[in-house]
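Asker: With these hints in hand, go ahead and build the complete structure from the sequences.
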Amino acid sequence: MKQRTCMLSLGIVVVLLTLVQIYSLYANGYWRREDRTIGLSDGFNYFVTDISVPTILWWTPFTGNKGSIKKCGSFECHFTENRKFQHHPSTKAIMFYGSNLNYMDLPLPRNGLNVSWALLHEESPKNRPILLHGKFLSLFNYSSTFSRKSHLPLTLQFLGSFEDLVGTTHFIATDLKDKLLSELAPVVYVHSDCGTPSRRDEYVQELMKHIRVDSYGACLNNKKLPREISSMTNMDDERFFKIVAQYKFTLAFENAFCDDYITEKLWRPLTLGSVPIYMGSPSVRDWLPNRNSAILASDFESPEDLAKYLTEVGRDKRKYESFLRHKLGPADGRVSNGFLKDALASRKWGIDPVRGSFIDHFECYVCRSVHEHVNQKSVVSEGHYKCPPPVNPLTGRADEDDWWYDVIWYRGKCEATTVRKFVDEGKSPYTPGEFRREMTRMCPDWW
5 MKQRTCMLSL
15 GIVVVLLTLV
25 QIYSLYANGY
35 WRREDRTIGL
45 SDGFNYFVTD
55 ISVPTILWWT
65 PFTGNKGSIK
75 KCGSFECHFT
85 ENRKFQHHPS
95 TKAIMFYGSN
105 LNYMDLPLPR
115 NGLNVSWALL
125 HEESPKNRPI
135 LLHGKFLSLF
145 NYSSTFSRKS
155 HLPLTLQFLG
165 SFEDLVGTTH
175 FIATDLKDKL
185 LSELAPVVYV
195 HSDCGTPSRR
205 DEYVQELMKH
215 IRVDSYGACL
225 NNKKLPREIS
235 SMTNMDDERF
245 FKIVAQYKFT
255 LAFENAFCDD
265 YITEKLWRPL
275 TLGSVPIYMG
285 SPSVRDWLPN
295 RNSAILASDF
305 ESPEDLAKYL
315 TEVGRDKRKY
325 ESFLRHKLGP
335 ADGRVSNGFL
345 KDALASRKWG
355 IDPVRGSFID
365 HFECYVCRSV
375 HEHVNQKSVV
385 SEGHYKCPPP
395 VNPLTGRADE
405 DDWWYDVIWY
415 RGKCEATTVR
425 KFVDEGKSPY
435 TPGEFRREMT
445 RMCPDWW
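According to my numbering, the sequence shown is numbered sequentially starting from 5.
One or more of the hints may lead you astray.
Claimed, not checked - Below 27 Å or equal to it, Euclidean Cα-Cα: the simulated DSSO-like pairs (lysine-lysine) are:
#1 K88 / K75
#2 K323 / K312
#3 K390 / K352
#4 K213 / K183
#5 K321 / K183
#6 K228 / K246
#7 K312 / K227
#8 K431 / K75
#9 K153 / K425
#10 K153 / K183
#11 K213 / K228
#12 K183 / K227
#13 K323 / K246
#14 K153 / K390
#15 K70 / K88
#16 K153 / K345
#17 K213 / K321
#18 K431 / K417
#19 K246 / K227
#20 K153 / K246
#21 K425 / K139
Stated by the list, open to error - Computed spacing ranges between beta-carbons, pair by pair:
#22 S382 / M239: 31 to 39 Å
#23 P113 / P286: 37 to 45 Å
#24 E80 / S340: 36 to 44 Å
#25 S340 / S302: 33 to 41 Å
#26 P448 / G400: 25 to 33 Å
#27 G360 / G400: 39 to 47 Å
#28 E126 / D241: 19 to 27 Å
#29 S78 / N115: 43 to 51 Å
#30 D309 / F66: 43 to 51 Å
#31 S103 / R289: 27 to 35 Å
#32 A402 / G337: 39 to 47 Å
#33 L180 / G337: 22 to 30 Å
#34 C198 / S142: 28 to 36 Å
Bear in mind the hints are in silico, worked out from the structure with no lab data behind them.
Because the structure is a prediction, the values reported are computed rather than measured.
Glycine included, each C-beta is placed from N, C-alpha and C at the ideal position.
Answerer: And the structure:
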(Lines of atoms letter the chains of each structure in order from A; the text may use other names.)
(Lines give C-alpha, C1' and ligand atoms only; values in the text may rest on other atoms or scores of the structure.)
Protein backbone atom coordinates (compact mmCIF):
# COMPACT_ATOMS: atom_id res chain seq x y z
CA MET A 5 0.00 0.00 0.00
CA LYS A 6 2.81 2.41 0.94
CA GLN A 7 4.64 1.52 -2.29
CA ARG A 8 1.50 2.30 -4.35
CA THR A 9 1.10 5.64 -2.55
CA CYS A 10 4.75 6.53 -3.22
CA MET A 11 4.39 5.67 -6.91
CA LEU A 12 1.22 7.79 -7.13
CA SER A 13 2.95 10.73 -5.42
CA LEU A 14 5.94 10.41 -7.76
CA GLY A 15 3.62 10.38 -10.75
CA ILE A 16 1.87 13.52 -9.56
CA VAL A 17 5.23 15.26 -9.11
CA VAL A 18 6.32 14.27 -12.64
CA VAL A 19 3.05 15.56 -14.10
CA LEU A 20 3.36 18.84 -12.21
CA LEU A 21 6.98 19.30 -13.34
CA THR A 22 5.96 18.58 -16.92
CA LEU A 23 3.14 21.13 -16.73
CA VAL A 24 5.55 23.72 -15.30
CA GLN A 25 8.01 23.05 -18.14
CA ILE A 26 5.26 23.29 -20.76
CA TYR A 27 4.04 26.57 -19.27
CA SER A 28 7.59 27.90 -19.26
CA LEU A 29 8.03 27.01 -22.92
CA TYR A 30 4.69 28.60 -23.79
CA ALA A 31 5.45 31.75 -21.82
CA ASN A 32 8.78 32.10 -23.59
CA GLY A 33 7.15 31.55 -26.96
CA TYR A 34 8.68 28.20 -27.93
CA TRP A 35 5.24 26.64 -28.26
CA ARG A 36 3.78 28.93 -30.83
CA ARG A 37 1.72 29.35 -33.97
CA GLU A 38 3.65 30.84 -36.88
CA ASP A 39 0.88 33.29 -37.73
CA ARG A 40 0.75 34.69 -34.23
CA THR A 41 4.35 35.14 -33.14
CA ILE A 42 7.75 36.20 -34.38
CA GLY A 43 11.06 34.79 -33.22
CA LEU A 44 13.60 37.28 -31.94
CA SER A 45 17.36 36.97 -32.07
CA ASP A 46 17.63 36.50 -28.28
CA GLY A 47 15.72 33.23 -28.49
CA PHE A 48 12.37 34.53 -27.22
CA ASN A 49 9.18 35.14 -29.16
CA TYR A 50 6.75 38.03 -29.07
CA PHE A 51 3.13 38.11 -30.07
CA VAL A 52 2.56 40.12 -33.24
CA THR A 53 0.25 42.44 -31.34
CA ASP A 54 3.12 43.28 -28.99
CA ILE A 55 5.24 44.92 -31.73
CA SER A 56 5.65 48.54 -30.72
CA VAL A 57 8.41 49.48 -33.19
CA PRO A 58 8.31 49.83 -36.99
CA THR A 59 8.58 46.60 -38.97
CA ILE A 60 10.92 46.48 -41.95
CA LEU A 61 10.25 43.55 -44.26
CA TRP A 62 12.92 41.99 -46.47
CA TRP A 63 10.79 41.04 -49.47
CA THR A 64 13.64 39.21 -51.21
CA PRO A 65 15.09 36.66 -48.74
CA PHE A 66 18.63 37.83 -48.09
CA THR A 67 19.67 38.03 -44.45
CA GLY A 68 17.94 34.88 -43.21
CA ASN A 69 16.36 36.93 -40.41
CA LYS A 70 12.99 35.42 -39.48
CA GLY A 71 12.31 38.19 -36.99
CA SER A 72 14.44 40.31 -34.66
CA ILE A 73 14.49 43.70 -32.98
CA LYS A 74 17.51 45.74 -34.04
CA LYS A 75 18.80 48.82 -32.26
CA CYS A 76 20.06 51.62 -34.51
CA GLY A 77 21.36 54.37 -32.27
CA SER A 78 18.36 55.73 -30.38
CA PHE A 79 15.90 53.94 -32.70
CA GLU A 80 14.66 50.36 -32.85
CA CYS A 81 13.04 48.42 -35.68
CA HIS A 82 11.75 44.91 -36.17
CA PHE A 83 13.36 43.21 -39.20
CA THR A 84 11.90 40.10 -40.76
CA GLU A 85 11.69 38.08 -43.98
CA ASN A 86 8.19 36.85 -43.08
CA ARG A 87 5.89 38.06 -45.86
CA LYS A 88 2.86 37.77 -43.60
CA PHE A 89 3.88 41.24 -42.42
CA GLN A 90 3.26 42.80 -45.86
CA HIS A 91 0.02 44.47 -44.74
CA HIS A 92 0.67 44.53 -41.01
CA PRO A 93 0.04 48.00 -39.50
CA SER A 94 3.56 48.06 -38.02
CA THR A 95 5.24 47.63 -41.43
CA LYS A 96 6.80 50.91 -42.56
CA ALA A 97 9.34 49.79 -45.18
CA ILE A 98 10.02 46.91 -47.56
CA MET A 99 13.60 46.10 -48.56
CA PHE A 100 14.80 44.41 -51.75
CA TYR A 101 18.13 42.84 -52.68
CA GLY A 102 18.74 43.74 -56.32
CA SER A 103 20.23 40.46 -57.53
CA ASN A 104 17.23 38.52 -56.16
CA LEU A 105 14.61 41.03 -57.26
CA ASN A 106 11.90 39.62 -59.52
CA TYR A 107 9.54 42.12 -61.14
CA MET A 108 6.95 39.33 -61.40
CA ASP A 109 6.99 39.04 -57.62
CA LEU A 110 6.46 42.48 -56.10
CA PRO A 111 4.39 43.43 -53.01
CA LEU A 112 1.40 44.67 -54.99
CA PRO A 113 -0.85 46.52 -54.80
CA ARG A 114 1.53 48.95 -53.20
CA ASN A 115 0.61 50.29 -49.76
CA GLY A 116 1.15 53.90 -50.81
CA LEU A 117 3.58 56.42 -49.39
CA ASN A 118 3.16 55.08 -45.87
CA VAL A 119 5.39 52.12 -46.74
CA SER A 120 8.78 52.96 -48.23
CA TRP A 121 10.69 50.72 -50.64
CA ALA A 122 14.46 50.36 -50.24
CA LEU A 123 16.91 48.85 -52.74
CA LEU A 124 20.26 47.26 -51.89
CA HIS A 125 22.42 46.20 -54.84
CA GLU A 126 26.19 46.06 -54.57
CA GLU A 127 26.76 43.85 -57.62
CA SER A 128 27.16 44.57 -61.31
CA PRO A 129 24.34 46.52 -62.96
CA LYS A 130 24.31 43.93 -65.73
CA ASN A 131 22.71 41.44 -63.32
CA ARG A 132 19.36 43.28 -63.31
CA PRO A 133 18.89 45.40 -66.47
CA ILE A 134 15.51 46.66 -65.26
CA LEU A 135 17.36 48.64 -62.57
CA LEU A 136 19.11 50.71 -65.24
CA HIS A 137 15.94 52.64 -65.99
CA GLY A 138 14.32 55.51 -64.13
CA LYS A 139 10.76 54.23 -64.51
CA PHE A 140 11.60 51.31 -62.23
CA LEU A 141 14.21 52.95 -60.00
CA SER A 142 11.79 55.70 -59.01
CA LEU A 143 9.59 53.11 -57.30
CA PHE A 144 12.16 53.11 -54.49
CA ASN A 145 12.61 55.66 -51.73
CA TYR A 146 16.10 54.65 -50.59
CA SER A 147 19.06 53.01 -52.27
CA SER A 148 22.42 51.55 -51.43
CA THR A 149 24.34 50.97 -54.67
CA PHE A 150 27.75 51.68 -56.19
CA SER A 151 26.68 55.27 -56.90
CA ARG A 152 27.83 58.17 -54.73
CA LYS A 153 24.27 59.50 -55.08
CA SER A 154 22.84 56.57 -53.12
CA HIS A 155 21.72 57.13 -49.55
CA LEU A 156 24.44 54.67 -48.51
CA PRO A 157 27.06 54.66 -51.30
CA LEU A 158 29.08 51.48 -51.86
CA THR A 159 31.53 52.93 -54.38
CA LEU A 160 34.53 51.95 -52.26
CA GLN A 161 33.32 48.50 -51.23
CA PHE A 162 36.32 46.84 -52.93
CA LEU A 163 38.93 49.08 -51.30
CA GLY A 164 39.73 47.74 -47.85
CA SER A 165 41.40 50.80 -46.38
CA PHE A 166 43.60 53.81 -47.01
CA GLU A 167 46.52 51.78 -45.64
CA ASP A 168 46.00 49.14 -48.34
CA LEU A 169 46.30 51.84 -50.97
CA VAL A 170 49.57 53.36 -49.76
CA GLY A 171 51.14 50.26 -48.21
CA THR A 172 54.00 48.41 -49.88
CA THR A 173 53.43 44.87 -48.59
CA HIS A 174 53.21 43.41 -52.11
CA PHE A 175 55.05 46.15 -53.98
CA ILE A 176 57.84 45.10 -56.35
CA ALA A 177 60.50 47.59 -57.40
CA THR A 178 60.61 48.72 -61.03
CA ASP A 179 64.10 47.31 -61.61
CA LEU A 180 62.95 43.84 -60.59
CA LYS A 181 59.85 44.11 -62.77
CA ASP A 182 62.13 44.95 -65.70
CA LYS A 183 64.21 41.82 -65.07
CA LEU A 184 61.06 39.71 -65.00
CA LEU A 185 60.16 40.85 -68.53
CA SER A 186 62.27 37.97 -69.84
CA GLU A 187 59.64 35.61 -68.40
CA LEU A 188 56.51 37.73 -68.25
CA ALA A 189 54.62 40.05 -70.56
CA PRO A 190 54.51 43.72 -69.55
CA VAL A 191 50.70 43.51 -69.28
CA VAL A 192 48.47 41.07 -67.37
CA TYR A 193 44.77 40.32 -67.93
CA VAL A 194 42.75 38.22 -65.47
CA HIS A 195 39.07 38.01 -66.41
CA SER A 196 36.80 34.97 -66.45
CA ASP A 197 33.43 36.62 -67.07
CA CYS A 198 33.46 36.61 -70.86
CA GLY A 199 30.89 38.15 -73.18
CA THR A 200 30.02 41.17 -71.03
CA PRO A 201 28.09 44.36 -71.94
CA SER A 202 31.39 46.27 -72.10
CA ARG A 203 32.69 43.80 -74.73
CA ARG A 204 36.11 44.16 -73.12
CA ASP A 205 37.50 40.97 -74.65
CA GLU A 206 37.14 42.43 -78.15
CA TYR A 207 39.34 45.36 -77.14
CA VAL A 208 41.93 43.17 -75.43
CA GLN A 209 42.08 40.82 -78.40
CA GLU A 210 42.98 43.76 -80.61
CA LEU A 211 45.48 45.08 -78.05
CA MET A 212 47.24 41.71 -78.02
CA LYS A 213 48.21 42.25 -81.66
CA HIS A 214 50.43 45.16 -80.63
CA ILE A 215 51.83 44.30 -77.19
CA ARG A 216 52.39 41.11 -75.20
CA VAL A 217 49.62 40.33 -72.70
CA ASP A 218 49.56 37.41 -70.27
CA SER A 219 45.94 36.32 -69.82
CA TYR A 220 45.36 34.03 -66.81
CA GLY A 221 41.56 34.00 -66.72
CA ALA A 222 39.08 32.01 -68.79
CA CYS A 223 38.76 34.88 -71.27
CA LEU A 224 41.47 34.88 -73.98
CA ASN A 225 43.54 32.54 -71.81
CA ASN A 226 47.16 32.04 -72.82
CA LYS A 227 48.83 31.44 -69.46
CA LYS A 228 47.91 29.12 -66.59
CA LEU A 229 47.77 29.97 -62.91
CA PRO A 230 49.23 27.44 -60.48
CA ARG A 231 46.66 24.68 -59.96
CA GLU A 232 46.23 25.47 -56.27
CA ILE A 233 44.97 28.99 -57.05
CA SER A 234 43.40 28.40 -60.45
CA SER A 235 39.84 28.94 -59.18
CA MET A 236 38.39 32.45 -59.34
CA THR A 237 37.59 32.06 -55.63
CA ASN A 238 41.31 32.53 -54.96
CA MET A 239 41.55 36.09 -56.29
CA ASP A 240 42.22 37.33 -52.74
CA ASP A 241 44.93 34.75 -52.13
CA GLU A 242 48.41 36.02 -51.23
CA ARG A 243 49.91 33.75 -53.90
CA PHE A 244 47.73 35.37 -56.54
CA PHE A 245 48.69 38.84 -55.30
CA LYS A 246 52.37 37.98 -55.73
CA ILE A 247 51.80 37.00 -59.36
CA VAL A 248 49.90 40.16 -60.32
CA ALA A 249 52.34 42.43 -58.45
CA GLN A 250 55.16 41.31 -60.77
CA TYR A 251 53.55 42.95 -63.81
CA LYS A 252 54.20 46.54 -64.80
CA PHE A 253 50.64 47.00 -66.09
CA THR A 254 47.27 45.37 -65.33
CA LEU A 255 44.24 45.56 -67.62
CA ALA A 256 41.39 46.68 -65.35
CA PHE A 257 38.31 46.50 -67.56
CA GLU A 258 34.84 46.59 -65.97
CA ASN A 259 31.97 44.46 -67.26
CA ALA A 260 29.69 47.51 -67.52
CA PHE A 261 30.26 51.25 -67.81
CA CYS A 262 28.32 53.24 -65.21
CA ASP A 263 29.20 56.29 -63.14
CA ASP A 264 30.95 55.19 -59.93
CA TYR A 265 30.78 51.48 -60.78
CA ILE A 266 34.38 50.73 -59.82
CA THR A 267 35.36 47.25 -58.70
CA GLU A 268 38.36 45.27 -57.52
CA LYS A 269 39.50 45.38 -61.17
CA LEU A 270 40.91 48.84 -60.39
CA TRP A 271 41.62 48.65 -56.67
CA ARG A 272 43.56 45.37 -56.80
CA PRO A 273 46.39 46.59 -59.07
CA LEU A 274 46.46 49.93 -57.26
CA THR A 275 46.98 48.22 -53.91
CA LEU A 276 49.53 45.76 -55.36
CA GLY A 277 51.57 48.41 -57.16
CA SER A 278 50.87 47.46 -60.78
CA VAL A 279 49.74 50.37 -62.96
CA PRO A 280 46.08 49.88 -63.99
CA ILE A 281 45.00 50.31 -67.59
CA TYR A 282 41.39 51.17 -66.92
CA MET A 283 38.22 50.92 -68.98
CA GLY A 284 34.92 51.43 -67.23
CA SER A 285 33.32 54.13 -65.11
CA PRO A 286 33.30 57.57 -66.80
CA SER A 287 33.73 59.10 -63.32
CA VAL A 288 36.83 57.09 -62.38
CA ARG A 289 39.07 60.19 -62.26
CA ASP A 290 37.12 61.40 -59.25
CA TRP A 291 38.28 58.35 -57.28
CA LEU A 292 41.92 57.86 -58.29
CA PRO A 293 44.53 58.40 -55.53
CA ASN A 294 46.32 60.89 -57.77
CA ARG A 295 45.58 62.43 -61.13
CA ASN A 296 47.72 59.94 -63.06
CA SER A 297 47.35 56.80 -60.93
CA ALA A 298 45.89 54.91 -63.90
CA ILE A 299 46.09 54.91 -67.69
CA LEU A 300 42.62 55.28 -69.21
CA ALA A 301 41.95 53.33 -72.39
CA SER A 302 39.34 55.92 -73.38
CA ASP A 303 42.12 58.51 -73.81
CA PHE A 304 43.45 56.65 -76.88
CA GLU A 305 42.11 56.43 -80.40
CA SER A 306 42.70 52.70 -80.69
CA PRO A 307 44.23 49.67 -78.95
CA GLU A 308 47.27 50.14 -81.16
CA ASP A 309 47.79 53.70 -79.90
CA LEU A 310 47.43 52.48 -76.32
CA ALA A 311 50.01 49.74 -76.93
CA LYS A 312 52.50 52.28 -78.27
CA TYR A 313 52.04 54.43 -75.17
CA LEU A 314 52.48 51.47 -72.82
CA THR A 315 55.71 50.52 -74.57
CA GLU A 316 56.96 54.09 -74.22
CA VAL A 317 56.08 54.32 -70.52
CA GLY A 318 57.47 50.86 -69.79
CA ARG A 319 60.89 51.88 -71.13
CA ASP A 320 61.07 55.12 -69.13
CA LYS A 321 61.56 54.38 -65.42
CA ARG A 322 60.87 57.93 -64.30
CA LYS A 323 57.69 58.18 -66.35
CA TYR A 324 56.53 54.74 -65.22
CA GLU A 325 57.04 55.53 -61.55
CA SER A 326 55.09 58.77 -61.90
CA PHE A 327 52.01 56.52 -61.90
CA LEU A 328 53.06 55.03 -58.55
CA ARG A 329 53.10 58.08 -56.33
CA HIS A 330 50.68 56.36 -53.94
CA LYS A 331 53.44 53.80 -53.30
CA LEU A 332 56.68 55.74 -53.84
CA GLY A 333 55.78 59.28 -52.76
CA PRO A 334 56.57 60.82 -49.37
CA ALA A 335 54.67 59.09 -46.56
CA ASP A 336 52.50 62.14 -45.85
CA GLY A 337 51.79 62.95 -49.50
CA ARG A 338 51.14 59.71 -51.33
CA VAL A 339 47.48 60.51 -52.03
CA SER A 340 46.49 63.96 -53.24
CA ASN A 341 42.80 63.26 -53.88
CA GLY A 342 40.99 64.88 -50.97
CA PHE A 343 37.62 63.58 -52.18
CA LEU A 344 38.86 59.98 -51.97
CA LYS A 345 40.43 60.50 -48.56
CA ASP A 346 37.26 62.08 -47.18
CA ALA A 347 35.10 59.27 -48.58
CA LEU A 348 37.31 56.64 -46.94
CA ALA A 349 37.46 58.51 -43.64
CA SER A 350 33.68 58.98 -43.47
CA ARG A 351 32.84 55.39 -44.39
CA LYS A 352 31.26 53.87 -41.29
CA TRP A 353 30.94 50.29 -42.53
CA GLY A 354 33.71 47.84 -43.25
CA ILE A 355 34.68 44.19 -43.31
CA ASP A 356 35.45 44.06 -39.58
CA PRO A 357 32.74 43.15 -37.03
CA VAL A 358 33.34 46.33 -35.00
CA ARG A 359 32.11 48.69 -37.72
CA GLY A 360 29.51 46.32 -39.16
CA SER A 361 28.72 45.51 -42.77
CA PHE A 362 27.06 47.80 -45.29
CA ILE A 363 23.99 45.58 -44.92
CA ASP A 364 23.76 46.43 -41.22
CA HIS A 365 24.28 50.12 -41.91
CA PHE A 366 21.69 50.27 -44.70
CA GLU A 367 19.13 48.52 -42.51
CA CYS A 368 19.78 51.14 -39.85
CA TYR A 369 19.55 53.96 -42.39
CA VAL A 370 16.08 52.75 -43.38
CA CYS A 371 15.14 52.26 -39.72
CA ARG A 372 16.13 55.82 -38.78
CA SER A 373 14.37 57.18 -41.85
CA VAL A 374 11.01 55.58 -41.09
CA HIS A 375 11.23 56.85 -37.53
CA GLU A 376 11.94 60.36 -38.77
CA HIS A 377 9.26 60.15 -41.50
CA VAL A 378 11.62 61.25 -44.26
CA ASN A 379 10.35 58.61 -46.70
CA GLN A 380 7.89 61.02 -48.32
CA LYS A 381 10.73 63.33 -49.36
CA SER A 382 12.93 60.74 -51.06
CA VAL A 383 12.67 59.10 -54.48
CA VAL A 384 15.51 57.17 -56.13
CA SER A 385 16.41 58.66 -59.50
CA GLU A 386 18.14 57.29 -62.59
CA GLY A 387 21.26 59.08 -61.34
CA HIS A 388 21.61 56.40 -58.66
CA TYR A 389 22.78 54.11 -61.47
CA LYS A 390 23.47 56.28 -64.52
CA CYS A 391 24.29 53.49 -66.93
CA PRO A 392 24.05 54.54 -70.59
CA PRO A 393 23.35 52.00 -73.35
CA PRO A 394 26.36 49.70 -73.96
CA VAL A 395 28.72 50.71 -76.76
CA ASN A 396 31.33 48.99 -78.88
CA PRO A 397 34.67 49.77 -77.17
CA LEU A 398 36.46 49.82 -80.52
CA THR A 399 34.15 52.40 -82.10
CA GLY A 400 32.64 54.16 -79.08
CA ARG A 401 29.18 53.81 -80.61
CA ALA A 402 26.17 51.67 -79.73
CA ASP A 403 25.50 48.73 -82.04
CA GLU A 404 21.75 48.29 -82.19
CA ASP A 405 22.15 44.68 -83.28
CA ASP A 406 24.36 43.93 -80.25
CA TRP A 407 22.71 41.38 -77.95
CA TRP A 408 23.47 43.42 -74.81
CA TYR A 409 21.91 46.52 -76.34
CA ASP A 410 18.91 45.01 -78.12
CA VAL A 411 17.91 42.11 -75.87
CA ILE A 412 19.15 43.22 -72.47
CA TRP A 413 19.28 47.02 -72.22
CA TYR A 414 16.27 47.85 -74.38
CA ARG A 415 14.21 44.96 -73.03
CA GLY A 416 15.01 46.18 -69.50
CA LYS A 417 13.63 49.58 -70.46
CA CYS A 418 10.39 48.00 -71.71
CA GLU A 419 10.08 45.91 -68.55
CA ALA A 420 10.61 48.99 -66.38
CA THR A 421 7.92 50.93 -68.27
CA THR A 422 5.45 48.07 -68.00
CA VAL A 423 6.00 47.48 -64.29
CA ARG A 424 5.61 51.18 -63.57
CA LYS A 425 2.28 51.29 -65.41
CA PHE A 426 0.91 48.37 -63.38
CA VAL A 427 2.11 49.84 -60.08
CA ASP A 428 0.69 53.29 -60.82
CA GLU A 429 -2.67 51.73 -61.69
CA GLY A 430 -2.75 49.86 -58.38
CA LYS A 431 -2.62 46.54 -60.17
CA SER A 432 -2.69 43.44 -58.00
CA PRO A 433 -0.04 40.81 -58.76
CA TYR A 434 -0.11 40.31 -62.52
CA THR A 435 0.33 37.07 -64.43
CA PRO A 436 3.16 36.41 -66.93
CA GLY A 437 0.57 36.49 -69.72
CA GLU A 438 -0.81 39.88 -68.64
CA PHE A 439 2.69 41.30 -68.37
CA ARG A 440 3.76 40.05 -71.79
CA ARG A 441 0.63 41.39 -73.48
CA GLU A 442 1.06 44.83 -71.92
CA MET A 443 4.78 44.90 -72.69
CA THR A 444 4.06 43.96 -76.32
CA ARG A 445 1.57 46.81 -76.54
CA MET A 446 3.94 49.36 -74.99
CA CYS A 447 7.08 48.29 -76.88
CA PRO A 448 5.89 46.96 -80.26
CA ASP A 449 9.24 47.70 -81.93
CA TRP A 450 11.12 45.37 -79.61
CA TRP A 451 9.15 42.31 -80.71
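Asker: With 28 to 36 Å as the target window, see if C198 and S142 comply at their CB atoms.
Answerer: Cβ of C198 to Cβ of S142: about 33 Å, so the range 28 to 36 Å holds.
Asker: Run the distance test for K88 versus K75: straight-line Cα separation, threshold 27 Å.
Answerer: Given that 27 Å is the threshold and the Cα spacing comes to 22 Å, the pair holds.
Asker: Given the range 43 to 51 Å, decide if the beta-carbon distance of S78 to N115 lies inside it.
Answerer: At 26 Å between Cβs, range violated.
Asker: Check whether the Cα positions of K431 and K75 lie no farther apart than 27 Å.
Answerer: violated, 35 Å
Asker: CB of P113 to CB of P286, is that within 37 to 45 Å?
Answerer: holds, 38 Å
Asker: Hinted pair, alpha-carbon criterion (27 Å max): K246, K227. Please report holds or violated.
Answerer: Between K246 and K227 the Cα gap is close to 16 Å, so the pair holds against 27 Å.
Asker: So if I understand the rule, the pair passes when the alpha-carbon distance is 27 Å or less; does K153 with K345 pass?
Answerer: Satisfied, since the Cα-Cα distance of roughly 17 Å is no more than 27 Å.
Asker: Hey, K153 versus K246, does the alpha-carbon distance stay inside 27 Å?
Answerer: It is violated: about 35 Å lies between the C-alpha atoms, which goes past 27 Å.
Asker: Would the hint linking K153 and K425 be met if the CA-CA limit is 27 Å?
Answerer: With a Cα-Cα distance of about 26 Å, the restraint between K153 and K425 holds, given a limit of 27 Å.
Asker: Just tell me: holds or violated, for the beta carbon distance of L180 and G337 against 22 to 30 Å?
Answerer: The hinted range 22 to 30 Å holds for L180 and G337, with Cβ atoms some 25 Å apart.
Asker: For a C-alpha distance cap of 27 Å, please report whether K70 and K88 respect it.
Answerer: With Cα atoms ~11 Å apart, K70 and K88 stay inside 27 Å; holds.
Asker: Are the Cα atoms of K321 and K183 separated by 27 Å or less?
Answerer: Roughly 13 Å separates the two Cα atoms, so the pair holds.
Checked against the numbered hints above, the structure violates hints 8, 10, 20, 25 and 29; every other hint is satisfied.
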